[in-house]
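A.B. asks: Protein chains in written order, with numbering that gives the first Met the number 0: chain Y, 0 to 269; chain H, 0 to 327; chain X, 0 to 379.
Hints listed in this document are in silico derivations from the structure and should not be mistaken for laboratory results. Treat the numbers as computed from the prediction; the structure is a model and nothing was measured. The reader is advised that the hints may include incorrect statements.
If we take Cβ atoms under 10 Å as the criterion, some of the chain H residues that face chain Y in the derived model are [stated by the list, open to error]:
1) ASN59
2) GLY60
3) THR65
4) LEU71
5) GLY72
6) SER78
7) GLY79
8) ALA92
9) LYS93
10) PRO97
11) ASP122
12) LEU318
13) SER321
14) LEU323
15) LEU325
Glycine included, every Cβ here is placed at the ideal spot set by N, Cα and C.
Here is how the chains run, residue by residue.
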Amino acid sequence: MIGVELRKLLGRPRTWVSIGLLCLLPVVVAVFLAVTGIAPRPGQGPTLLSAVLGNGALFPAAALGIVLPFFLPIAVAVQAGESVAGEAQSGTLRYLLVRPVGRTRLLVAKLVSVLAYTLLAVLSVAATGYLAGISLLGNSGQVTTTTLSGTTLTPADLAWRTGVMVLYIGWSMVGVASVALFLSTLTDSPLAAALGGLAVLVSSTVLVTLDAAGAVRDYLPTRYWLAWVDLFRDPVPWGDVTAGVLVQTGYVVVLLGAAWANFSTRDVTS
Amino acid sequence: MTAREHDPARRPAPTTGGGADGDAVVVTRGLTKRYGRVTAVDDLDLRVAAGDRYGFLGPNGSGKTTTVRMLLGLVHATSGEIEVLGRRVPRHAKDVLPEVGALVEGPGAYPHLSARANLRLLDAAGPARGGDPLAPDTGSRRTRRSRIEAALEQVGLTDVGRRPVRAYSLGMRQRLGLAAALLRGPRLLVLDEPTNGLDPRGIAEIRDLLLDLNRRGTAVFLSSHLLAEVELFCTRVGVLHRGRLVAQDDLDALRGPTGRTLVRVDDVDAATRVLGLPAARTTDDGLLVLDDLPVPEATAALVRGGVAVLEAAPERRTLEQSVLGLTS
Amino acid sequence: MSTVETPAARRRWALVGAGVALLVAVLAGGPRVLAVAAVPPTTATPGEVVARALASADVPYVARGESRGDLALPDLRGFGDLAALLGGTTSTRVWWDGPRHWRVDAVDPAGERDTYGLATSVTTWDSGSRRLDVVVGDPSARLPRPDDLLAPQAARRLLAAVGPQDRLEALDARRVDGRTTDGVRVVPGDVRSTVERADVRVDRATGLPLHVEVVGRSGRTSLVSTLHDVAFERPDASVVTPPAPPDARRGVDRAPDLVARAATASPWLMPDALAGLTASGVDVARAPTYGSGLVRVLALPLPPRVAGEVVGDASSVGTAEERVPGGAVTRVGSGLLNAALVRDDDGQHAYVLVGLVDPALLDAMAADLLGDPPPPRTMR
């Protein structure tokens with residue numbers, strides 16, 4: 000069943016279109032940066048972007064920083080919201096279930112498929128970011144790459160930090176996916192599930208900035224989203240990254256548990 | 000018709016002794032489904048025997064689809080029991096369903112894929128082993144291609160090529176749905192409105208296909224609101240009305256003689272006078288209806304009274320009449 | 000859709016529900032229980048706790064700091080991050096090898112500003128502007144830096160200021176960030192102080208203050224600073240050495256900010272006493288601090304042009320300048336911290352007076368300064 004879901008994912012034009020659009024934005028940004036040479040003012044614009052001019056090897060991180068606030072969560076929420084509700088809407092859910100495919104198995108396969116999509120999306124953005132950065136913004140031959148703390152990064156350092164960042168952002172997105180996947184088992188409308196997932200994110204983003212919500216702040220799903228920036232400090236503070244992984248894991252476990260509890264005995268009337 | 004990979008006819012009849020229901024493929028006892036305060040299906044006792052062509056009749060909204068979904072484990076009953084192929088559903092659904100082919104409320108397919116790609120995905124999604132120990136290959140990858148081709152041929156979709164399902168007509172999609180149901184050579188076919196969107200010729204083709212499968216031993220549970228379809232195809236009929244089973248009998252019994260006799264005479268008014276009401280009544284098209292008056296005595300009386308008897312025959316109900324009688 | 004209430008479904012939901020309940024209980028109740036559970040009571044007197052805290056400057060540690068202030072100050076040109084530092088949350092990372100060898104990073108999602116303290120200089124690195132600035136020497140007056148708000152630094156500064164008229168009380172021992180601490184409360188004896196009380200929690204094992212909380216007269220907590228994830232270890236030498244990024248802009252200066260420059264450049268000889276408070280401080284002639292105990296006011300002469308700009312900025316955010324005999328006063332305040340910008344009508348004298356004191360005291364000091372303007376230092 001997992002293989003079937005992966006084949007569905009990869010054989011679907013929409014998968015590639017959405018990933019292509021995700022990769023397009025950082026490339027457009029890189030082109031503008033390269034043509035105009037105007038970096039965003041410090042403290043403004045997407046994180047790390049001011050540092051990438053003439054420092055193309057840092058662009059994969061900046062590229063992910065560009066798509067992280069909006070496009071990546073939207074793409075992942077749509078994909079995860081689609082998972083069960085999409086089958087319900089196209090009328091294929093009932094045929095899968097009477098084939099028969101066990102409901103838990105179907106859910107696991109859907110989860111793996113969403114995981115694969117997320118990883119594919121994050122990796123594609125990082126890879127296009129790297130290519131665009133190297134070709135448009137020049138590689139780090141003359142200018143060495145530095146951390147936010149001002150220390151110098153060797154290419155090996157940069158590689159493992161970027162790798163951990165890709166995994167961290169990927170896992171943050173799995174948190175988003177689990178919200179949308181749970182909602183996807185509640186409703187037969189993929190759109191409602193995706194929008195519901197995004198609504199949770201927007202609420203969380205609003206609450207994170209609100210001092211009055213300080214009591215719950217550290218447990219909000221988007222609280223540690225930007226902690227990947229910590230990977231580009233020296234020494235790396237692992238506290239927020241670890242906390243972010245734990246918070247996301249909490250959401251993933253609870254929401255997938257709820258999705259399973261709901262879907263296992265849900266009446267399929269689509 | 001080509002020979003199928005796993006001809007259901009070669010299967011021995013079930014030998015497991017399940018009491019009186021030993022040869023039944025579908026049995027429900029007190030099956031009830033409530034949505035909140037609405038009772039969709041109420042205390043249903045169905046029995047479909049192996050080899051039956053069972054027509055499950057009822058108007059729209061009578062609970063047919065809910066019942067079908069319960070039989071397939073899609074919807075969970077509020078109370079009551081379901082046995083399909085001798086095993087409890089939904090508890091043993093995963094053992095039973097591989098041997099059941101189903102078409103529920105229209106076909107479902109991924110619109111961007113071709114018919115073959117859809118069937119390949121669907122088949123790969125199911126268990127590799129069927130529930131039937133005598134045919135362990137029913138879901139295997141090795142036989143997938145040939146099974147898909149056979150199913151497409153059965154429903155007349157061999158030459159659709161690589162067109163995506165998006166471009167199919169309603170009838171073609173319906174055929175694809177049937178092909179999906181036939182993919183694993185099921186012992187039981189559960190079909191909900193299978194002729195939706197088909198033209199008369201298509202309907203006849205599908206009916207022939209189902210008759211052929213049934214001759215080879217596949218039981219067919221056909222849920223429909225079309226009386227004519229059921230009347231033409233089924234051997235046994237269950238009638239559902241507002242969630243309750245109001246009749247379950249052989250088709251012939253439901254269409255059987257009413258015990259009354261219809262008599263055509265030249266002068267109806269004279270005839271009623273001769274026989275005297277209420278012993279004799281008339282139908283709209285001018286026939287006398289004899290309830291408990293013996294036919295020889297009545298005709299003799301009419302002739303004596305100077306009324307000419309043109310025709311006398313036992314009254315037979317149409318299925319429509321009996322269903323309407325049951326559901327009004 | 001609907002879900003059927005079968006025993007299996009109930010079991011599944013019960014499992015998920017129990018998991019969530021357990022998680023919430025542990026997350027919500029855990030820290031609270033840990034903070035007070037089984038903390039052995041202290042034997043130290045408040046005075047001993049204060050003494051140990053004051054002697055803790057050499058304790059090496061690595062930690063994460065968080066300070067939160069709600070002092071709403073207007074954003075004034077030349078005063079850098081002051082408003083953000085005292086009016087918001089600042090997250091820091093600390094590597095403390097000793098008072099002459101430390102590093103404090105103020106981090107935010109977009110970058111960081113790192114301060115390296117060395118024996119004779121302080122180096123700052125700003126990741127946004129990619130500037131590396133070295134300040135040689137220690138200016139007599141300067142604006143607060145992120146490291147000033149670290150719990151140990153703020154606590155030692157506060158406790159060092161405590162005078163005989165101020166009262167010390169013992170607080171119940173409790174845990175801060177998992178470590179057993181002794182608490183001491185400072186209650187100012189002078190009613191002119193805007194501080195209602197200040198609580199300091201000091202690590203029992205090392206004497207390092209881990210938590211400071213200042214409550215203003217309004218009863219509101221105005222400043223909280225805590226250390227988290229404290230590890231008592233000597234930081235790696237490479238970490239507390241300023242970086243040398245190849246593409247950074249560099250600067251070397253003796254005065255890091257407007258206040259320090261004004262203090263160095265002041266031409267006036269400040270009086271020995273104002274409104275009954277006597278002057279003290281490293282640079283008593285140019286930028287003295289008046290008062291004792293917790294009532295202390297920094298009086299800093301400003302160049303009149305700078306004072307004009309600051310008053311302009313302050314009035315643009317709604318703070319009006321008020322005429323007083325001999326000059327004008329602009330009051331900027333937030334309950335706990337009050338400041339007065341004083342401009343003499345002669346167009347030459349201007350001052351800023353800042354302290355955790357009542358605005359009326361600042362007015363009295365302003366009146367003294369305007370009534371008897373300080374003479375130029377050359378006349379001494």
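A.B. asks: Now tell me, hint by hint, if it's right for this structure.
C.D. replies: Going through the hints against the structure:
no., hint, in the structure
1, ASN59, "violated (15 Å)"
2, GLY60, "violated (14 Å)"
3, THR65, "holds (8 Å)"
4, LEU71, "holds (5 Å)"
5, GLY72, "holds (7 Å)"
6, SER78, "violated (14 Å)"
7, GLY79, "violated (15 Å)"
8, ALA92, "holds (6 Å)"
9, LYS93, "holds (5 Å)"
10, PRO97, "holds (7 Å)"
11, ASP122, "holds (8 Å)"
12, LEU318, "violated (29 Å)"
13, SER321, "violated (31 Å)"
14, LEU323, "violated (29 Å)"
15, LEU325, "violated (27 Å)"
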